[in-house]
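> Chain by chain, the residues run as shown.
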Amino acid sequence: MNSDTIRDRKMDRKQLDAWLMAEQGGEDDAADTALAHLFAAVPKVQPRSAFVEQTVSTVWRWRARRRRLLAGAWTAVAALIIASAAIAYSASPLLGGLAVKAIAFLTGHIVPWLIAYASVALHGWLTLGHVGAVVASALITPGRVAAVVGVEFLGILAFYALHRIASAERLGDAQV
Amino acid sequence: MAVQRSDAELARDARSGSEAAYRELVARYAAPAVNFTYRFVHDRALAEDLAQEGFLRVYQRLNTYDPDRKFSSWFFQVLRNVTIDYLRINRLPTASLDALQEEGHQAAAVDRESASPEELAGRGELASAVGAALSRIRPDYREVVVLRYQEGLTQPEIAEILGLPAGTVKTYLHRARKELAEILAAQGWGPTAAEPTAGKTV
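Sequence order for the protein chains is A and B. Residues 1 to 176 in our numbering are what the first sequence lists, from first letter to last. Residues 1001 to 1202 in our numbering are what the second sequence lists, from first letter to last.
There could be a bad hint or two in this list.
To be verified - For lysine to any residue, the following SDA-like pairs were computed, each having C-alpha atoms within a straight-line distance of at most 20 Å:
hint, chain 1, residue 1, chain 2, residue 2
1, A, K14, B, E1182
2, B, K1178, A, T33
3, A, K44, A, Q15
4, A, K44, B, R1080
5, A, K14, A, E27
6, B, K1178, A, D32
7, B, K1178, A, D17
8, B, K1178, A, D29
9, A, K14, B, Q1187
10, B, K1178, A, D28
Stated by the list, open to error - Listing some non-contacts, in silico: residues in chain A with all C-beta distances to chain B over 10 Å:
hint, residue
11, S84
12, L94
13, G97
The set of hints was computed from the structure by calculation and includes no laboratory data. Even glycine gets a Cβ: it sits at the ideal position worked out from N, Cα and C.
Generate the whole structure from the sequences, applying the supplied hints.
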């Protein structure tokens, strides 16, 4: 065992002792520094020598695969667009005729129904308005309005009187 | 002498299709990534797989990376999500202390080129003890400890990665250190204790 080895070994132990002493003494900063020195002295796990090359080749294989996939996807999208355009162009006279027929069919069947429903609804609304006007004119006369207002006023007075009586009873109970 | 390009520049070039820039980025973050995932899965091969998955996701999302942001923060955020996804799907149990002690041997078996067997034995013992203690604290505490002390990130960077307030990160770190210290002290590590035997921790 040479002198350097002995010194290094003692150094590690000394660092461990220094950290534990600092920790026991509650010296936070000193303990932090001492533990950092101790960790620096502890041997590290070294990756295999081929690790870097293997990692790079793995990542570059993934990169190449992804590029191939992307290229394939772009090619497929382009082919799809071109094929769709070609089909649409070649079938456009037929498709155009079908579209016009569909619009004419829908318009011919739906529009008359919509007009019929709207006129029925409008008629019902006008009838309701007429009935309402007749009922209101029959009910609203000066005498009837005066009677209703009078009843309402009497009701409010009765409610106020009850409220006062109830308050007085609560107060009386409290005093007892 | 060529000037070292920044992570943000490499990320930009990788996004543009530069394999060399991406390779450089992977080389820079390979060890931190594997170390980060290893602390959660305790299996070196699985840690490498997760790190590789993390690098793939980083590449897939390079278009979302904001160059004004520190690359390491963004990288660890992505890697953390990959790790969490894996842990959720596979419902990995917390590793037992015995299993972790075995991993201590594994951890001690790294860095072979740069250290003598005696040095590795001494460091391995310590690594085993620290690794075992780390595995026994709460996962959210473990996360902040790994990011702070293993990856050397600042508290604001950790807060950004975890989506937590800076005050919470500080509290987590404080509590995590306390718990780690208590666990190690209970195992016989400490200023006044004699060096624990290998059988005790490894």
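> What hints, given by number in increasing order, does this structure fail?
Hints that this structure does not satisfy do not exist here, as all of them hold.
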